[in-house]
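K.L.:
This is what each chain is made of:
Protein chains: 4
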Amino acid sequence: MNITSKLVWVFLFVAVVILMSFLRDRNKSNKVIFFGDSITQMGVNPGGYISLMKEILVQQNITNYDLVGAGIGGNKVYDLYLRMDDDVLSKNPTTVVIWIGVNDVWHKKSYGTGTDADKFERFYNAIIKKLKNNNIKVLLCTPAVIGEKTDYSNELDGDLNKYAGIIRTIASNNNCPLIDLRKVFTDYNLKNNKENKSAGILTTDGVHLNDAGNELVADEMIKALVK
Amino acid sequence: MNITSKLVWVFLFVAVVILMSFLRDRNKSNKVIFFGDSITQMGVNPGGYISLMKEILVQQNITNYDLVGAGIGGNKVYDLYLRMDDDVLSKNPTTVVIWIGVNDVWHKKSYGTGTDADKFERFYNAIIKKLKNNNIKVLLCTPAVIGEKTDYSNELDGDLNKYAGIIRTIASNNNCPLIDLRKVFTDYNLKNNKENKSAGILTTDGVHLNDAGNELVADEMIKALVK
Amino acid sequence: MNITSKLVWVFLFVAVVILMSFLRDRNKSNKVIFFGDSITQMGVNPGGYISLMKEILVQQNITNYDLVGAGIGGNKVYDLYLRMDDDVLSKNPTTVVIWIGVNDVWHKKSYGTGTDADKFERFYNAIIKKLKNNNIKVLLCTPAVIGEKTDYSNELDGDLNKYAGIIRTIASNNNCPLIDLRKVFTDYNLKNNKENKSAGILTTDGVHLNDAGNELVADEMIKALVK
Amino acid sequence: MNITSKLVWVFLFVAVVILMSFLRDRNKSNKVIFFGDSITQMGVNPGGYISLMKEILVQQNITNYDLVGAGIGGNKVYDLYLRMDDDVLSKNPTTVVIWIGVNDVWHKKSYGTGTDADKFERFYNAIIKKLKNNNIKVLLCTPAVIGEKTDYSNELDGDLNKYAGIIRTIASNNNCPLIDLRKVFTDYNLKNNKENKSAGILTTDGVHLNDAGNELVADEMIKALVK
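As given, the protein sequences belong to chains A, F, W and D, one line each in that order. For the first sequence, the residue numbers in our numbering are 13 to 239. For the second sequence, the residue numbers in our numbering are 13 to 239. For the third sequence, the residue numbers in our numbering are 13 to 239. For the fourth sequence, the residue numbers in our numbering are 13 to 239.
Next up, chain A with everything else stripped away, as it sits in the complex (with noise of 0.2 Å):
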């Protein structure tokens, strides 16, 4: 083979991979990383919300996105800042959707490790930072439940609204998108849950999400992401 053909190869082997990253790159243009704790580690599971969305996403004939579950068991605002380099922004994905904070509330009571509220803030917002610096678009959830009663007796409520209080204010600060999972999750709860049960409706415990959590989730971010 002469130096010619040898060329015409080279380019011909450049312009396919640089034309299949064009159909890669119009196929999965968006790349959304959900980065959270147990909640979001059980949702790539079969039924889990990142699933469903897989699902929905078929059904809707919508072939562009690519959704990848970052979600680790205990997690708390600061865990998800220590593995961001390895877990978000090696992966380079187009959207994070950061749902995180019902350890940080949670732990304070069962192991005395919760999360300061101005810490939590804190680490909060250098998450942001690092994604925006990056060009990734930034979605933030409010956490949901810790208990599903309806009058406003689960032991942590109060501290919750505090922590989801301080999300929305920082998804304002940043014009973030707000996908506030606190708010649908109590009024689904206000309508549905008339026996004051404390998990059973959206929850199988009162944190994780049964099927009708998973569907609930899932049909919230679908409507934040693809508009």
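Wrong hints could be hidden among the right ones.
Repeated chains share a single entry, so a pair holds when one copy, or any two copies, can fit it.
Stated by the list, open to error - Cross-link-like lysine-lysine pairs, in silico, DSSO-like; alpha carbons within 27 Å at most:
| no. | residue 1 | residue 2 |
| --- | --- | --- |
| 1 | 131 | 209 |
| 2 | 239 | 206 |
| 3 | 209 | 195 |
| 4 | 209 | 141 |
| 5 | 103 | 142 |
| 6 | 131 | 141 |
| 7 | 103 | 239 |
| 8 | 203 | 103 |
| 9 | 121 | 209 |
| 10 | 131 | 121 |
| 11 | 43 | 235 |
| 12 | 206 | 43 |
| 13 | 131 | 18 |
| 14 | 103 | 209 |
| 15 | 18 | 209 |
Calculated from the structure, these hints are not laboratory results.
Mind docking chains F, W and D on chain A? Use the hints.
P.N.:
Showing chains F, W and D alone in chain A's frame:
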């Protein structure tokens, strides 16, 4: 002195004692002990809710009430149980107003020494049983507030609502009049605390009563006591 | 039946009752109630420390001891105080062995519902006072262990040592014999737990007794009870 | 100016810069950042341990050390991680002394916002890795005391010993020099705190250094830094 005159003297003495006891009964036929924590301890201070009630009774020319404060700072339900012989039963009240619960919830967070809900109920019932066995009328109060925010983000709201609910059930089960200060305070704040302050509406610090708080409590208690 | 024979029968009946009570007293002149938490509740199980003590007494032909378990899981010092009329005084023991304190420390961390040191002391003293007023002999035990590590890194060691110290002082102030299980257990572990295990030496889980633990406790208690 | 003279000037400029940097290096070849919490924040105050070390260096005519305080009150290990770019790496130290851990343990109890042991280790290792990647020498300190009692009844001793143990293991695994202040302080107290005081020997309040504490820390650190 012959037997007849002796008998006359004895008869007279007995008659006087009986008469005096009637007079005393008419004057102070209601001895009310306010049994509680630091909020009640401060209630006997000038401007405190017990002092205000005394003034109200004077203004209304009601003279047959003796109001006695028996509050000790930091008390939880089991502290009341421990000291009820010394501080309540030995003083022969006709009525006891129990106002306890803030520390049972608050100290979970501040010291790790709050009271489990089931034990709160058990000790509360044990107190009521002892009082009823002594034919003492018992009025129950729900704990008012730990934080006055109106956006449902006071950290301990959920747990405080839970314990308030326990007291409502105990009141109902034991046919005890209920002074629902939790409801009174939150309703008042929803109307008057539009700025979502954490203190300064009915309390100085989110827990202990300011002037408006003392007046509100005095009014509610007088209504429940004097009918 | 004439009046004389009636009186004879009454006399005989009374005589028999008195005799029987003497016999009973001779046989079981020592009624010992073990008053405590889940460790004591499990003490009456086969292989439990109370069961082992009964076997030891049989082996030693000691017949005048009646050992009664009165442990309830999760109990703290104030729970003992609440139920002492029903579970101890009404049963007329000659001796009570109090073994409490693990949950008073442990529940601070696990539930936020431990017992403040000053109140621990107050309730403990109130229990002893009531028992002494009923002429009951009282033996005190220090809480043994929460974690068996020997490098002084069991999370709650410091607080457990503090509460053990309070009990030692109470025992001294009230001239009550002390069974210093805290010291016995830590000494045993320093010798026998060279691998710094957190459980498995004298306990199954760091708190509840395994076979070796039950034997050690039974030995220590028999020494203190039967002299 | 012709090209030759231009080059001469450039050469001279470069030579001077290089010389100056050598001089600077000779003068302050060791830039040591003390990275920690309130104890370190107070270390730069007059009489603080960092100020004392500066005085010691002057007395010993050691001029090639630049000691820089970077302590912030309330900091836990993850706070150090969050601010290490701004407060450490951007300042190009040759050496970093990490002294953290008291709040990671203490805040479990006081605020319910301490640090889990496994996450303490993870963040600590992440800090060391970043420093080593920047060719910075790292010295580790164990947390000294929370309470100075010598009868092993400081409430948090067990947990503090656990976290000190974690740091010893990290130091060993990473070949980092260890300044074992936990051991130094407890040894000192066993000798000098015969009255079992909870504060006043090396600290003002059981945590923050008094004069004797600052001197002891300065001595230990100088020994480890300057050899």
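K.L.:
What are the numbers of the hints that this structure violates, sorted from low to high?
P.N.:
2, 4, 8, 12, 13, 14, 15
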